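Listed below are the residues making up each chain.
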Amino acid sequence: MAKAILTLTLNGRPREDAVSHNVLLIDYLREIAHLTGTKMGCDGGECGACTVLVDDRPRLSCITLAHSVAGKRVETIEGGARDGRLSQLQRAFHERLGSQCGYCTPGMIMAAEGLLRRTPKPSTEEIRQGLSGNICRCTGYTKIIEAVRVAAGDAT
Amino acid sequence: MEFMPEFRVLRPASVEDAVAARRDDPDACLLAGGTDLVPNIRRGIVAPRTIVDVSEVAEMRDIRERDGEVRIGASVTLAELIEHPIIRQRFSVLVQAASEVAASSHRQVATVGGNLCLDTRCVYYNQSEWWRRSNDYCFKHQGEICHVAPKTVACFAAYSGDLAPAFIVLDGAVEVAGPDGNRVMPLPEMYRDDGRDHLRLGPGEMVVAVRVPAADSWHCGYVKARVRSAIDFPLAGVAAAVKLQAGSLAGLRVALTGTNAMPLLLQGTEDLVGAPLDDDAIDRLVALIPKQIQPMTSTVTPPGYRRRVVANMTRTLLRRLSAEARR
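Heads up: the sequence lines are chains A and B, in that order. Counting from 1, one number per residue, gives the positions in the first sequence under the working numbering. Counting from 1001, one number per residue, gives the positions in the second sequence under the working numbering.
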């Protein structure tokens, strides 16, 4: 079995693990790093539930090989809160009811976080575009978009 | 852990090293963003022993301009293509086509080369192992029948890349590197209308870059029909490039995707050169389409719908470009 040392920065902390070449990023995160906040949804890159940030850009961890992010900065939903305080985006999702059953929420928040880093003041259309690869089966899109607008300082 | 077959991943630093890595294993697969390959590995329709990751090969990572011609590295991501000032300013059709590929998160990693070399797709192929097994597989993988056309010996999986028609109407060419050296070929020549084997690339050959000549006097556009506008592959897509001189057509190129196992450069458009770009010319153009396309039941949407939608999209796009050109 081809295996190599994977070095990366995970939620701000450097890490090194011996990881097989064929391990997916989602399996590395959930079963080696034990960060189970990232969710497996469709299992084929179609639903966005597994979205994490790699060097500030959203990436679907269920169709990414763990070694493809070697040397990069990876952020998961667990990296959002600091000292028990939710990030602005997490708080907005919480307060504006952007989360219903919650399964899509980690991916939705990471995709939105990536969008806000590229476009700090997105229009509603830009939010819709930025989250177009994230499916919410509870269909709570209106509140999700509202939460992102609130987090971006557009408090309507 | 999710099931993944055993393979090793090589990370060459140069095109030369990538070609050498594939020489040792002719079945080795290329990986860049992984948005096409990894789902196919997960579904068991591709099982490489070696994967050659070209996402960080420097010669394939940049966009350069020389004497009006632009060279786009195959490992440039779609997001980088869309955001690049030269592309935004001078090749808006590429921005339109790339923006219509999948969803924003895919475009952050999906690459130009990956989209051009996208595997063909079929409702009987892009399925899980158990689904395909229960249906006795098909020509494209492991089976001895085409469920789309059971009496034929051909495979009708559809080519579904959005960038190829845009690059084709821009008269783009691909730089290919392989064990026998490098070559440049017009993009349409890279494809053949066979769903099983749609790329005319020799063993170990790979696309390194796309070259596009200056297109400043052309008006170009891309439109696409899909089931969910947020994310899907095209049911059909149309790109067109129009050049007008004193109100008459001085040049016209139309290319289609999603209708055949390859992207098609529509033949016969040269007969319209010299005519005014009016509804009559557009009718004559649309009349060229039916005999050249062959949409089959390879998607959940019937071929008849895709035929109608191609004709209507072509008409709409040409009217739009005509109005743009007259402004």
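Because the hints were derived from the structure by calculation, they are not lab data. Computed from a predicted structure; not experimentally measured. Misleading hints may appear alongside valid ones.
Stated by the list, open to error - Only some residues are given here: those of chain A computed to face chain B with a beta carbon under 7 Å:
#1 S87
#2 Q129
#3 G133
A virtual CB, placed ideally from N, CA and C, is assigned to each residue, including glycine.
**Violated constraints from the hint list, given by number and in increasing order** = 1
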